Each structure stands twice: as structure tokens, then as C-alpha cells.
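Spelled out, the chains give:
Number of protein chains: 2
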Amino acid sequence: MKYQFQPIGHIKTPYNTIDECPRNINKNAAPCHIFIKEEYIDGLFGLNSGDPILVLYWMDKAKFSHLTLPSRKTGEIKGIFALRTPQRPNPIGAAVVTIEDIIEGEILVRGLDCLNMTPLLDIKPAMK
Amino acid sequence: MKYQFQPIGHIKTPYNTIDECPRNINKNAAPCHIFIKEEYIDGLFGLNSGDPILVLYWMDKAKFSHLTLPSRKTGEIKGIFALRTPQRPNPIGAAVVTIEDIIEGEILVRGLDCLNMTPLLDIKPAMK
Chain A
1 MKYQFQPIGH IKTPYNTIDE CPRNINKNAA PCHIFIKEEY IDGLFGLNSG
51 DPILVLYWMD KAKFSHLTLP SRKTGEIKGI FALRTPQRPN PIGAAVVTIE
101 DIIEGEILVR GLDCLNMTPL LDIKPAMK
Chain B
1 MKYQFQPIGH IKTPYNTIDE CPRNINKNAA PCHIFIKEEY IDGLFGLNSG
51 DPILVLYWMD KAKFSHLTLP SRKTGEIKGI FALRTPQRPN PIGAAVVTIE
101 DIIEGEILVR GLDCLNMTPL LDIKPAMK
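So the sequences go chain by chain: A and B. Take 1 as the starting number for the first sequence in my numbering and just add one per residue. Take 1 as the starting number for the second sequence in my numbering and just add one per residue.
In short, the hints are calculated from the structure, not lab data. Bear in mind the structure is a predicted one, so any value in this text is a computation, not a measurement. Worth double-checking, as some hints may not be accurate.
[What the hints assert, rightly or not] Covered stretches of chain A (in silico footprint by chain B; criterion: 3 or more residues with CB under 8 Å from a CB of chain B, positions within the stretch not fixed): (1) 13-20; (2) 37-46.
[As the list claims (entries may be wrong)] A partial selection of chain A residues facing chain B, derived with a Cβ cut-off under 7 Å: (3) K2; (4) Q6; (5) I8; (6) L54; (7) W58; (8) S65; (9) L67; (10) T68; (11) A94; (12) M117; (13) L121; (14) D122; (15) K124; (16) A126.
Where a beta carbon is used, it is the ideal one built from N, C-alpha and C, also for glycine.
Same shape as in the complex, but just chain A (with noise of 0.2 Å):
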């Protein structure tokens, strides 16, 4: 069985190749803004500047191919679902960030490591 999603919006970052994205989420990187679609900006309400927000986004352009890859940080070869390599079969990626500033339906939050363009799934405020 298949399941559909649809996109609740759009990450915009500074990565536009694979190769300028970050390895990992780095809360003093570059400045991100995460738009929501018109429609579900009102699902936004009650979040504030400082809240810590757990960010689903798909990562559209990640091809998987092996279920065992080299880790990047020490070379050890490793199941993908012991590591957060993108090339996943589901390529979810996942991040808890703080969120900088919101206004109306654009969030600015530092840190992702994502591609510019990349569509956002959820939002949830991060467990503490």
C-alpha cells in the first residue's frame, strides 16, 4: 500500500547543490526561512519567537540505492537507518530548531541543512 502527502509549504536556504548543504544541523548556520501555504497559516498560531519546533521536510532530491553506507563522519560502514544519510527509502529529514522570528506565514530559524526549495511537511512544537 502507497500513501500520498502533499507539501504544507517550502523551506528556502542558502544550499541551492548537494554538495553546499551542511553535514549536519548546526544552530549557528545560515539563516533559513521556512514559508507555509496560504491555506494553513492559520495552523500556526500560538507559535512565538523562541519556541524550539521539529521540522519534517522531504528530501526530494536524495536517490537511495543501498541499505549499508559508509558513515561520513568516521568511514564505518552502517545500516542508512543507523545513520541520517538522505538516502533513505522515505527521505524524511528532521530537525528541531528555534524559531528566530514569525510573521504571518514565513518562520526564520538557523540551521537547517537542507536544499533551497525543499518541501516542508510538518511542524510540532520539539519535545522538551
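Start from chain A and add chain B according to the hints.
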């Protein structure tokens, strides 16, 4: 544009109705079994007991209808992206749990809050 994903397995929990599900992730709650499809089992290589993992799943019984809802904790009205409710445009659940045991394609964890037979989307090492 719509995107498709295919479950990589499923989660067995003791909860067969939404009323039975705990309201939150609780590390001391009931044991749950995560089953990976046979074709993906090699992707688990390198995951061990004691490792914290981020589990992503699809809460396929949740119905999305409203952009704001009362918080289950406080009753305060909030946007769904400021809440952890399953009633959201893309009902992806996200939980950090610890592997208690892992044998072949079966992972024992404790404290997931989802229904029995929930489709599994992804497993990643949790960020420390």
C-alpha cells in the same frame, strides 16, 4: 504536487483504539515492537540495544479537519502546528525512544503512543 511514500514496516502496540493510546510519549509505558520489512532489514546494521532512535510513523487513522484545536493539556486554543495532535495535514508521528532489544527485523522499544499496526516511515539515530 503530491508525493508518495511506502511504509518500511509497521509498529505493534497494545493500543487498538484511539481512546486507549497514551496522550504522550512516556519512556516507562508499555513495550512496543517495531517490525521492519524483510527487504529493508540490512538497513538496521549498526543499531544496538541502548541506542536512542527517532521513529517516524504515519498516523493513518487520524482525521484532519481544523487548523486550530484546544490543547489537550490546558484547553487553550492553538494552531495544529503548535500542538502535537495527530489531526494534521500530514499525520506524521515522531518519537525518540531507546532500543531495548533488536533481533533481525524486530526492535523492542517502550512508550510509543500510536495505534497498533501503525505504518512505519523511517528510523534514524536520534541527535544527541
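Results for each hint:
{"no.": "1", "hint": "13-20", "verdict": "violated (count 0)"}
{"no.": "2", "hint": "37-46", "verdict": "holds (count 6)"}
{"no.": "3", "hint": "K2", "verdict": "holds, 5 Å"}
{"no.": "4", "hint": "Q6", "verdict": "holds, 6 Å"}
{"no.": "5", "hint": "I8", "verdict": "holds, 5 Å"}
{"no.": "6", "hint": "L54", "verdict": "holds, 6 Å"}
{"no.": "7", "hint": "W58", "verdict": "holds, 6 Å"}
{"no.": "8", "hint": "S65", "verdict": "violated, 12 Å"}
{"no.": "9", "hint": "L67", "verdict": "holds, 4 Å"}
{"no.": "10", "hint": "T68", "verdict": "holds, 6 Å"}
{"no.": "11", "hint": "A94", "verdict": "holds, 6 Å"}
{"no.": "12", "hint": "M117", "verdict": "violated, 12 Å"}
{"no.": "13", "hint": "L121", "verdict": "holds, 5 Å"}
{"no.": "14", "hint": "D122", "verdict": "holds, 5 Å"}
{"no.": "15", "hint": "K124", "verdict": "holds, 6 Å"}
{"no.": "16", "hint": "A126", "verdict": "violated, 9 Å"}
In this structure, the earlier hints numbered 1, 8, 12, 16 are contradicted, and the remaining ones agree with it.
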